[in-house]
Amino acid sequence: MAEAAKLCRPGVVAAYPITPQTHIVEHLAEFVANGRLKAESLTVESEHSACSVVLGSQAAGVRSFTCTSSQGLLLMSEVVFCVSGMRLPVMMICANRAISAPINIWNDQQDSIALRDSGWIQLYAENNQEAVDMVIAGYKIGENPRIMLPVMVCVDGFILTHGMETVDMPSQEEVDAFLPAYNPPFKLDVDDPMSFGLLGDPSVYTETRYALHKTLEEVLPLIDSVGKEYKEKFGRDSIRKIEEYKTEDAETVLVAMGSVCGTIKDVVDAEREKGNKVGLLKIVSYRPFPEAEIVKALAKVPYVGVVDKDISLGAAGALYSEIKSVLGADKKISGFISGLGGRDIKLSTVRSMFTDTKKEVNPCKFVDLNKELLWDEFKV
Amino acid sequence: MYSVLAAKAKTSEANKTGSWRSTEKPRFKQEECINCGLCKFICPEGCIEGTEKNAYSVDLDYCKGCGLCVYICPKKDIEMVPNQDKD
Amino acid sequence: MSREHFEENFYVSGHTACAGCGQSMAVRIVMNAAGKNTMVANSTGCLEVFSTKAPETAFGLPWVHSLFENSAAVASGIEAALKFQGKLDDIRVISQAGDGGTGDIGLQAISGMLERGQDVLYVCYDNEAYMNTGIQRSGSTPFYAHTTTTPKGKYSHGNPRPKKPMVEICAAHHIPYSATASVGNPKDVERKVKKALSIRGPKYLQIHVPCPLGWKCDSSKTLEVAKLAVQTGLYPLVEYEYGKLAKVTKIPSARPVQEYLQTQGRFRHLLKDEEALKEVQAVADKNIEYYGLK
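Residue numbers (this note's numbering), protein chains in the order written: chain U, 1 to 380; chain L, 1 to 87; chain G, 1 to 294.
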């Protein structure tokens, strides 16, 4: 992933150590130290400053890059909202990790999902190849002069950040041909001095949010066109809004994001061998939310199970709530909470999700719950 | 799609803060002025102009009547007068 | 009236600062001293609120505001971008904020920027409280000042703590230049800004700026009040270079603190309290001794 970022030639890189994304930053620092990447690499004193640094450098007209996880993402959350509000196409890799408390360094998707309202484009990678492709294509999408929005490439912590996978890495020439130099329609410039980050009172604020919202909607067709170009140039389908895996005649479909999709695909293949009509709808672009594609993909599917590696506490899984809100009342939709805090989602767990989806509707079922750890009163 | 995102330099000049004055305004006597430029230097509104002795003046479209030019003038060549006084 | 003869101003009229606002005076001096080839990162506070209400701005330089505590980090990013583009020799970077945005919520970001040795001038407009939100106490509020969160009362003389020594905290990072100035000595402000910007590396300049509204003094008295703060020893003007005290503005005949305190409503409760006045005088005396201001 550091290699992918390097190929995009960012001029400023600033990030703060946090497991499990630290090594991405370390590799980038090494690239700079060895002259393989010409960039200013700042060792900042917190994630809040990391995002503030790239806000400043991007505003000054230089392509920038940062990455973080969990606590770091939440610490920089107010800056994250500023970056999109100020239309700065920063690229961030979020190594999805659970949020304290209790402190847990392992994977779930609560962190990036907690910031789904921020106005950033959010792409979820199933594997390292997709992550590489999403960084490269993400810059192109975000920097489009009609768009000018930041991009968060979400990769499951440890699973993707510390996994081993063969990846087809494009060459510098190929990336240079695909991704031109950053040329924003506005920036800090002594020859055309402007002020950014104005006070927007009630008479103007609403329109700025409407413009952001509409722009995110414009990203949906752009994902298609950039995806098409990416496939032509690099031969891969990675850049898309959804992936329909054996859903055409499926009776039961699980909807999910990220690396768990790889596991689900294995189960789908095995179940199909046994004659069970199951499928997977992988959400790739979570923001903007590809409502039309989802509705179309699930139009003929009676049983839908949504896998959430997060939970909106007091309600239900975030993805479940959003999927349910766009599907018709004729469907039986269940929501599964699994994989929180890095708990392994086993093949057997996925099989049970398929079975449960068809058996009964349950809006919020925690799978693999260990009842021995649930008590009526405080004890140590 | 975009909305308000940035402002071009110095566009605040559209806002004529001179209307804030209610009681008094500065009068540049232009008698003892030595062209030290301090009044122009410290005016928080940046609305005093002048480059020569006894030739400094204030843009009343913006002057808020704070009276700091009166304080700083080493020659006491500026005084506050009632706002309604003719220029 | 035609404004064609106006000299190049990089901070112009039409902003909505209170009449006599010390900070608006100081920012104009700073921006003009910096000149055209400067980029500015600004923190949240009175300054950005009264200068950049959409869709207008009073700034004539490239300027960016995002949040309250991060102008030093944003400035770090701008500096890195300019360095990457090879433009850092030609373009200066200024980070500016109020005292709250500097020494309280902004302390982490400024320390990081100074420690990384980046080529940024940090300007703190010290009006000694959170003025934009209605006069609350900050780490820079002086001893016994009345604010809404350290109000005078039956059991209180106001703020019970001394000012946070930001100029020393910055100097402790061994940066090339860390200094205080006062808008009561406006030409000295200009001199210090120009001096700072001629040095490459991190610099800190803290400018004392009276707030007529928050300090409860007349808007025509801003310069006089600021001068008195310096002349009593309550606001020492000092310059540190690489962590060592290099220069001070001497006050050979220091004025008694009453002369300063009586100009402002925020200290009025002290004027009839002999004990309290002695304590404030002790603060001034300690400054005079410590910095060698006699």
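Any given hint could be a false lead.
[Said to hold, decoys possible] BS3-like, lysine-lysine: derived pairs with alpha carbons at most 25 Å apart: (1) G:Lys187 with L:Lys76; (2) U:Lys187 with G:Lys87; (3) G:Lys36 with L:Lys40.
To be clear, the hints were calculated from the coordinates, so they are not data collected in a lab.
For each hint, the structure was consulted:
1. A C-alpha spacing of about 19 Å is found between G:Lys187 and L:Lys76, which places the hinted pair at or below 25 Å, so the restraint holds.
2. The straight-line distance between the Cα atoms of U:Lys187 and G:Lys87 is roughly 15 Å, inside the 25 Å bound, and the hint therefore holds.
3. For the proposed pair G:Lys36 and L:Lys40, the alpha carbon gap of about 19 Å is at most 25 Å, so the pair holds.
Checked against the numbered hints given earlier, the structure satisfies every one of them.
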